[in-house]
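S.K.: Residues per chain are reported as follows:
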Amino acid sequence: MKGLKNILMVLSVVLAFQSCNFNKKSTVSSAEVYQCPMQCEGDKTYEKPGSCPVCNMAMQAIEKPSEKKSDDGISETSIFNLTSAWHTEEDEAIQLEDLKGKTLVMVMIYTSCKAACPRLVADMRHIEEQIPKENIKDLNFVLVSIDPKTDTPERLKAFAKENLMDGDQWTFLQGTESGVREFANVLAMKYKQISPIDFSHSNIISVFNPKGELIHQQEGLGVDNKETVAVILNLTTK
Amino acid sequence: MKNQAFRLIFVLLVFRTTLLAQSGGMVSIQGSRYIPLYGRDSTVVEVRDFDMDVYPVTNAEYVDFVKKYPKWQKSNVIKLFADDSYLANWKNDLELKNSEKPNSPVTYVSWFAAKDYCECEGKRLPTVDEWEYAAMADETTKDARVKPSYNEQILAWYEAPRSNENTIGKHPENVWGVHDLHGLVWEWTLDFNSVLITGESRKDVDKDSNLFCGSAAVNATDLMNYAAFMRYAIRGSLKAKYSMKNLGFRCVKDKNEL
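Chains as they are written, first to last, in this note's numbering: chain A, 1 to 238; chain B, 1 to 258.
No wet-lab data here; the hints were simulated from the structure.
Accuracy of the hints is not assured; some may be wrong.
Derived DEER-like restraints, expressed as beta-carbon distance ranges [unchecked claim]: (1) B/157 with A/210: 43 to 53 angstroms; (2) B/245 with A/101: 47 to 57 angstroms; (3) B/84 with A/101: 22 to 32 angstroms; (4) B/103 with A/163: 52 to 62 angstroms; (5) A/132 with B/245: 21 to 31 angstroms; (6) A/46 with B/68: 52 to 62 angstroms; (7) B/68 with A/38: 40 to 50 angstroms; (8) B/157 with A/41: 54 to 64 angstroms; (9) B/239 with A/227: 18 to 28 angstroms; (10) A/163 with B/91: 48 to 58 angstroms; (11) A/211 with B/98: 50 to 60 angstroms.
Not everything, but these chain A residues come out facing chain B in the computed CB check (under 7 angstroms) [what the hints assert, rightly or not]: (12) 83; (13) 84; (14) 85; (15) 185; (16) 192.
These numbers come from a predicted model, not from an experiment.
Here a beta-carbon is modelled for each residue, glycine too, at the ideal position from N, C-alpha and C.
Hey, can you work out the whole structure from these sequences and the hints?
M.R.: Below is the structure:
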């Protein structure tokens with residue numbers, strides 16, 4: 001009897017709290033601060049009300065400029081706001097935020113692709129070849145699969161070896177169908193499964209700074225990547 | 001013992017209400033194979049059985065949503081997920097402007113917001129194929145695309161201005177029991193970014209695509225379905241963080257999961 005009651009309690013609690021993940025990263029600090037109405041001291045603000053030390057006028061409450069930055073320094077436009085789950089080619093479970101700290105060069109492909117992807121992959125390698133050794137360590141080249149059903153971590157690993165992209169600077173990601181769709185939308189990348197084995201997709205290489213903000217996108221196949229390389233060098237040279 | 005039985009019934013009743021509440025306002029759509037304007041290689045796509053919201057999500061429902069999930073309030077939403085016009089017809093975080101009606105469809109919402117709304121309800125956005133499948137029905141037939149009256153009616157709506165300010169349920173239900181697929185607002189779909197017919201696609205999309213600008217028109221299966229052309233063109237031009245005046249959404253749910 002007691003046991004049943006406990007079970008029911010647990011069930012109802014579970015039901016009551018059933019809701020989707022909450023993204024904690026976007027809370028706004030809307031605390032008020034105080035400032036001299038004449039702005040004698042420029043933009044200086046005080047935590048408590050009082051009078052201005054220069055002109056003696058009563059200070060006014062103003063709203064803190066809304067900073068939507070989270071505590072760990074992820075900005076509003078950062079892809080690290082995405083909370084989807086991914087697997088690397090080494091079968092590690094990660095979130096995009098785990099890629100923080102390095103400049104990211106990202107592209108979306110699928111390994112069974114015969115037409116554009118090999119050229120996209122070649123474009124990525126070509127970009128990588130133009131980056132000096134000392135900059136490589138601050139870089140992560142990320143290839144995201146748009147075919148998460150087929151492209152398992154094992155398959156991605158095999159693809160990496162086959163294409164001589166097994167170094168530390170290369171990362172391959174398998175997501176969930178919805179996670180991939182969401183990520184593609186962040187890149188404004190379009191794709192559609194046109195047959196069980198083939199996808200049609202946009203060819204975009206995107207560069208993100210270490211904070212996950214989109215800096216540059218290169219569209220098209222085999223295009224001149226001078227600009228992309230320049231952006232990467234600029235981001236990785238201190 | 002009696003007491004125990006009573007408790008059990010009580011709990012079952014509670015459960016039942018939650019279940020009903022979740023599937024409340026949905027109707028069952030019986031899947032089938034059909035030929036959409038733009039399909040896969042084989043042109044025929046298969047749609048499985050699913051449940052669909054009878055009405056688009058309303059302003060009032062969205063108010064409840066942002067109360068529960070503050071991260072989707074106008075001042076909290078992050079730029080990655082919505083552009084500046086997100087909820088542009090709201091007075092503040094929790095209230096609509098006085099001119100807006102609570103039972104008008106919610107608009108000025110981004111794809112990310114719409115997707116999260118549905119997921120929080122235990123539902124999802126419909127795919128393009130599912131939406132088009134449900135929307136090709138009229139009041140009496142499942143596939144009314146051959147009827148001239150079907151197209152005329154939709155196009156008449158496309159010409160009517162400010163239809164987003166109307167309220168839900170004014171248009172007759174279609175054969176599935178779904179209201180307002182046409183006549184009120186455009187609606188987000190889960191995989192709207194699978195439509196590769198933007199001008200942009202000429203340069204950066206895989207050359208093998210049969211969804212090319214030029215070849216798209218040739219490959220489209222029904223050259224008379226102007227209304228569908230317009231819908232696909234709109235989808236092709238959208239980005240997920242766009243929030244538009246005449247773009248709302250509704251949710252669907254897969255069958256056979258409680």
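S.K.: Now look at each hint and say whether the structure bears it out.
M.R.: Going through the hints against the structure:
1. B/157 with A/210: 43 to 53 angstroms: Hint holds: Cβ distance 49 angstroms, inside 43 to 53 angstroms.
2. B/245 with A/101: 47 to 57 angstroms: Distance hint for residue 245 of chain B, residue 101 of chain A is violated at roughly 40 angstroms.
3. B/84 with A/101: 22 to 32 angstroms: About 30 angstroms separates the Cβ atoms of residue 84 of chain B and residue 101 of chain A, which means 22 to 32 angstroms holds.
4. B/103 with A/163: 52 to 62 angstroms: 56 angstroms, holds
5. A/132 with B/245: 21 to 31 angstroms: Once the Cβ atoms are compared, 50 angstroms apart, the range 21 to 31 angstroms for residue 245 of chain B and residue 132 of chain A is violated.
6. A/46 with B/68: 52 to 62 angstroms: 35 angstroms, violated
7. B/68 with A/38: 40 to 50 angstroms: 43 angstroms, holds
8. B/157 with A/41: 54 to 64 angstroms: 59 angstroms, holds
9. B/239 with A/227: 18 to 28 angstroms: 22 angstroms, holds
10. A/163 with B/91: 48 to 58 angstroms: 55 angstroms, holds
11. A/211 with B/98: 50 to 60 angstroms: Once the Cβ atoms are compared, 41 angstroms apart, the range 50 to 60 angstroms for residue 98 of chain B and residue 211 of chain A is violated.
12. 83: 11 angstroms, violated
13. 84: 12 angstroms, violated
14. 85: Status violated, d = 14 angstroms.
15. 185: This hint holds: residue 185 of chain A lies near chain B, its Cβ roughly 3 angstroms from the closest one there, short of 7 angstroms.
16. 192: Holds, because the Cβ-Cβ distance from residue 192 of chain A to chain B comes to roughly 4 angstroms (cut-off 7 angstroms).
Of the numbered hints stated above, those contradicted by the structure are hints 2, 5, 6, 11, 12, 13, 14, listed in ascending order.
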